[in-house]
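A.B. asks: Read off the chains here:
There are 4 protein chains.
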Amino acid sequence: MLRADAASAVLGMRIERDEPGIAVVSMTVRADMLNGFAITHGGLVFALADTAFAVACNEDDKVTVAAGADITFLRSTGEGDVLTATARRRIRSGRTGLYDVTVTDAAGEIVAEFRGRSVTTDRPAPA
Amino acid sequence: MLRADAASAVLGMRIERDEPGIAVVSMTVRADMLNGFAITHGGLVFALADTAFAVACNEDDKVTVAAGADITFLRSTGEGDVLTATARRRIRSGRTGLYDVTVTDAAGEIVAEFRGRSVTTDRPAPA
Amino acid sequence: MLRADAASAVLGMRIERDEPGIAVVSMTVRADMLNGFAITHGGLVFALADTAFAVACNEDDKVTVAAGADITFLRSTGEGDVLTATARRRIRSGRTGLYDVTVTDAAGEIVAEFRGRSVTTDRPAPA
Amino acid sequence: MLRADAASAVLGMRIERDEPGIAVVSMTVRADMLNGFAITHGGLVFALADTAFAVACNEDDKVTVAAGADITFLRSTGEGDVLTATARRRIRSGRTGLYDVTVTDAAGEIVAEFRGRSVTTDRPAPA
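Chains as they are written, first to last, in our numbering: chain A, 1 to 127; chain B, 1001 to 1127; chain C, 2001 to 2127; chain D, 3001 to 3127.
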């Protein structure tokens, strides 16, 4: 799925791990990912977590999409920092799922905590 | 502030309105903003809303940052769609603020609803 | 619906207004609603908002239930305070709805902001 | 702290475990805890999770309060069901904390997932 994900590719995201219910995706912060305070734009931290969530929640032969998510920002980062998002399924019940994603920096410090809410559709997953 | 926001600039965001507690920011979805399902990457919808939030919540001479946010995705969009994020202060109480951001498409249909939680710091805002 | 709501009745909730997409419910804080810090238990502030949400989102002849909610606590209250929760539909799109509930005290100060996520089922609403 | 918590006592909550960063609290659903659909009122499920969160996050000699929380409801319950809320610290960073609370029924099925956001104050904890 991520092979065809142009947005994640342009942002330089790398899939480190992809198993049912678990995904790890990393990204190196570039100068063009900073906001007006010279720190990593929160939207791109979210985008990294969201991509890890998407990889983790597409576990079977049906397309699963994000219904929503909550993020808490805990630590700011900057250019050159390597961010790693680790997504884990918390629960899947019927069509609904919850996945927790922790974003850390290279020192292992927590940058953000994200919880995604997924909905599984009837559409077959692309090959 | 957004003048120095490299990430928002690279994503082609345009500030349409910037008043205390209110901001409108728009973005045209490009091919490189799509995810593996050929729809706009949720992280970039979030990034648009987050930028509008940042503009709206930096209302005075202190830096205000995002402590967190929740987003609900309601409608998918694709290449060429023009998304508009309208942020409005709901409440500011002491250092804490809540801002609601609605993202719509060109037809006025709601694409996402976002609620941002802000914290005002002691740092002076950059000139 | 609320006529049969034992929990809301025991907590002394009063429906002040009930129109499609809008509801106002009030509650007087009693000594047995305080937590260990002698302030209103956050769970009961949530319960008040949740009841207003339930009234507002059950707009038609199908049962609508809460899928989830987010609350931000802004001001503590205590025994004797009269809390009023005003729920308004933000959007309803297919089976999904978002309702914003503001809880205020007698002086009109905001005690909490709540956003509920609803799902409409196929079950007919009780008469 | 919970010894003085009138609201939790009236709701019949029992503290099963109380260690720094971890708490387990249980509650048996009574007839007066049901809503108009004859299922446990979501506000009381939240209240149970919120109490477990409060016990878990008051880890040291300063008062810690809830800044907010998000809950997802996954399974409805009814009269006689025994609900157990298990709260675990996810992260504490400066004054801010995140605690995840899982509410289960007697069969171990997940009833709700809750994530609380805490703020530690300067006030000394009551003895």
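Don't read these hints as lab results, they were simulated from the structure.
The beta carbon of each residue, even a glycine, is placed where N, CA and C say it ideally should be.
Be aware that one or more of the hints could be misleading.
Between beta-carbon pairs, the in silico distance windows are [what the hints assert, rightly or not]:
id, chain 1, residue 1, chain 2, residue 2, range
1, B, Arg-1095, D, Gly-3108, 37 to 43 Å
2, A, Ala-106, B, Glu-1019, 36 to 42 Å
3, A, Ala-106, C, Thr-2028, 52 to 58 Å
4, D, Thr-3028, A, Ile-91, 22 to 28 Å
5, A, Pro-126, C, Arg-2014, 50 to 56 Å
Negatives, chain B to chain D, calculated, CB over 10 Å [unchecked claim]:
id, residue
6, Ala-1038
7, Asp-1070
8, Thr-1121
A.B. asks: For this structure, which hints from the list above don't hold up?
C.D. replies: 7
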